[in-house]
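Model the placement of chain R on the given structure of chain V, informed by the hints.
These protein sequence lines map, in sequence, to chains V and R.
Quick note: the first sequence uses the numbering used here, first residue 1, plus one each step.
Quick note: the second sequence uses the numbering used here, first residue 1001, plus one each step.
Rather than coming from a laboratory, the hints here were simulated on the basis of the structure.
All the pointers check out, no bait thrown in.
To give a feel for the contact side, a few chain R residues facing chain V, derived at Cβ under 10 Å:
no.: 1; residue: Pro1209
no.: 2; residue: Ala1212
no.: 3; residue: Ser1230
no.: 4; residue: Asp1231
no.: 5; residue: Leu1280
no.: 6; residue: Gly1282
C-beta atoms are modelled at their ideal positions from N, C-alpha and C, and glycine is treated no differently.
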Amino acid sequence: MSIRHGLMALLAEGDGYGNQLRTSFEERTGGTWPLNIGQVYQTLDRLVRDGLVTTVEPGDGDLPPQARTLYGLTPTGRAEVVRWFAEPVSRAPAPRDELSIKLALAMGLPGVDVTAVLDAQRAATMRTLQALTSLRHRHLAADPASARKPWMLVLERLVFDTEAELRWLDHCQATLDPTEAPR
Amino acid sequence: MRFATAAPALAVHAAWRIHGAGRLAVTALAGVSLEVWPGELVAVMGPSGSGKSTLLNLAGGLDQPTRGDVRIMGTSTVGRRPAALAQLRRRHLGLVFQELNLVGSLTALENVALPRELDGVPVRTARREAGEALEAVGLGHRADRFPARLSGGEQQRVAIARALVGGRRLVLADEPTGALDTSTGDEVLRLIRERCDTGAAALVVTHNPRHAAWADRVVFLRDGREATRSDYGAEPFGAARPADRAAPADGRGLSAPTAGGTLGAPGVEGPARGSGELPLAGLAAALEAPR
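Same shape as in the complex, but just chain V:
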């Protein structure tokens, strides 16, 4: 995805300044995707050019610092946000995943110990899962309310992905060695 939809989704909540949008985006996602401010303004400019976003005159109550521009969604922009949320995300092209390709090439290649490849990957992937689990545990222990934070869902996604990779590695090992009883 581009950050276009991210910024537009935030604007669906209400008008905002560029720096506000950036802060809000990073808070929601826990900082997994840091944005630089130039990128944010460049994207907003393009959205304005495309008629999805417009600059807004601040209301009487607002006293924005000089030279700051308040942005808001146009009706077209609002419709685009609705469409974005309604449409499922398409999977990244899995066949280009380096690990899948490495395993596919390793199988049957003379001089490559596929089991060793699997074991090395298993230890590394488990270590990632341990790191993620530890991070999640520390946040939850420090503040139980973090369980319901938007960024915790981002973290959970990584946990599930990593867990799936370990299960897939087990599956590869079982396929390689049919004497190994499946679970």
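Below, chain R without anything else, positioned relative to chain V:
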């Protein structure tokens, strides 16, 4: 985090377990070594028949190695009589199984007190210890309930309290999350993790990577041997609960848990831009980096 003690709670050294002899000999375990120190949670994974159960039986003193050594709290199980082994188990070990083996006609409190009463501890003392153990797993308010009136997760917590009652410091668990859903299973591991963070030691056999990942160390077995292991390393889980630990003399253990620097566990470096408030900053980069 490993606590500084003289000996590991459990030490398995080059342990072999061979059933039968000659051409019919079946090697269940072929030279496995591992240690579990106070403060550590170690997970064992591997396919069926890889030697997980054999290892757990050796660790629990329920079986003895054909070759090699197994020490529970510094005492070798090798060559020991059954009565001496039973005493060693009773004094130091708590077992948690997939089948919880709670006694249905006893309350939660009575279930937890039972092993202490069998130890010969006076009933009043046993019940006080049981009450403390239930408090430690957050079930003080369920002490008078019978197992049938507890949820699956609560029953598992009673089993963990029973495993650690009366100064037992080593927990051996065999698929402790077997029949539980994901979040209840996580809860069981969190509980074992917290018991370890306050000085217990645990060896957990599980097939679930999500649950194994709570461990300081994950040992993968295949064909009775260690195939690989994943050592998480320094200061992994403990940092969230510094108050539970004796603070080091320089007070290092008391830093705020969510401040940028303390997220700097191996593999997950702290925020890159000094923006300590963002809980996941730097995570993506750390996970993409070669390990």
